[in-house]
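> Below, each chain spelled out in residue letters.
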Amino acid sequence: MEDHELAALALAGDDSAFAALVRLHQGALRGFLLRMTRGDHALADDLAQETFLEAWHKIAQFRAVGSFSGWLTRIAWSRFLMTARKRKLEPLDDADMPPDVETDPDLKLDLEKAMARLSGAERAAITLCDTLGHSHEEAAAILTIPLGTVNSHILRGHAKLRTLLYGAKA
Amino acid sequence: MSDDLDALLKQSIVQPDAGFSRNVMSGVARLRKRQAIMRALTELGLAAIVLFGMSFTDLGITMERFGDSLTASQPIIAGLSALLLGWLVVQFFGRMEKTGA
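Here the protein sequences come in this chain order: A and B.
To convert, note that position 118 of the first sequence is 118 in our numbering; the numbers rise steadily by one, no gaps.
One gets our numbering by counting positions in the second sequence from 1 and adding 1000 to each.
These aren't lab readings, by the way, just hints derived from the structure by calculation.
Just so it is clear, the structure is predicted and the values come from calculations on it, not from any experiment.
Watch out, some of these pointers could steer you wrong.
Here are a few chain A residues that face chain B, going by a calculated C-beta distance under 7 angstroms [what the hints assert, rightly or not]: (1) 19; (2) 23; (3) 26; (4) 27; (5) 28; (6) 31; (7) 52; (8) 62; (9) 83; (10) 86; (11) 89; (12) 111; (13) 130; (14) 135.
Virtual Cβ for every residue (Gly too), placed ideally from N, Cα, C.
Okay, chain A solo, but in the shape it has when bound (with noise of 0.2 angstroms):
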């Protein structure tokens, strides 16, 4: 059964329907808020377990036009942003790598790591694109920001992902 419909179900209130929702996208979702929360598998729950809630509470908002999972990426990331504001884990744009990193042509990291090092926005785009494979028109209305933007986010994100996993005369 398509997402559509299994929606279109829970919106009539079966409950069995918003599970199978749950299990087809949990594994995803949570993938991305774990790269979003620098791999804090506690934080990334808690997001993902509000933002099922949040999506079963206003599931008669999701339109069938879209994908289900971006419509809930779209919730996650909104309450990432809204967790990362309350508790400044960090900037969420323009957070360049710290110099030390730059200047160190022997650094190399694993991926997740350097990761981390990217900013938020950059993490988003590229893990949205490159990861879950969303298109970058799908990745600008989850992250509400231009086409544009996702587009410089995934490059400036590459070059320093090629910096930090290659070192520098990659």
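Could you slot chain B onto chain A? The hints should help.
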């Protein structure tokens, strides 16, 4: 993007369920119960306001005479009010039972 980076970024980040879905659905059940209770309380509150408004203000029935009105002075209004109140109480407990609250 270099092939290495492309392949790295495509690595799955999907998390295993490990009881997460069950926790979410427990949360949904709790939300549903809370909503049902709030809705029922709101209905009862509104009904109480309507009943008091009808019975004691517009029709001029005093608190002392309300008991009498059940049998004598305003039998139809009092009967309808009692029926409405009874129906709302049945609805309230019916909903509570349905949601398991």
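> Please go over all the hints and tell whether each is borne out by the structure.
Results for each hint:
{"no.": "1", "hint": "19", "result": "holds (5 angstroms)"}
{"no.": "2", "hint": "23", "result": "holds (5 angstroms)"}
{"no.": "3", "hint": "26", "result": "holds (5 angstroms)"}
{"no.": "4", "hint": "27", "result": "holds (4 angstroms)"}
{"no.": "5", "hint": "28", "result": "holds (5 angstroms)"}
{"no.": "6", "hint": "31", "result": "holds (3 angstroms)"}
{"no.": "7", "hint": "52", "result": "holds (5 angstroms)"}
{"no.": "8", "hint": "62", "result": "violated (15 angstroms)"}
{"no.": "9", "hint": "83", "result": "violated (17 angstroms)"}
{"no.": "10", "hint": "86", "result": "violated (21 angstroms)"}
{"no.": "11", "hint": "89", "result": "violated (19 angstroms)"}
{"no.": "12", "hint": "111", "result": "holds (5 angstroms)"}
{"no.": "13", "hint": "130", "result": "holds (4 angstroms)"}
{"no.": "14", "hint": "135", "result": "violated (15 angstroms)"}
Violated hints, in rising order: 8, 9, 10, 11, 14; the structure is consistent with all others.
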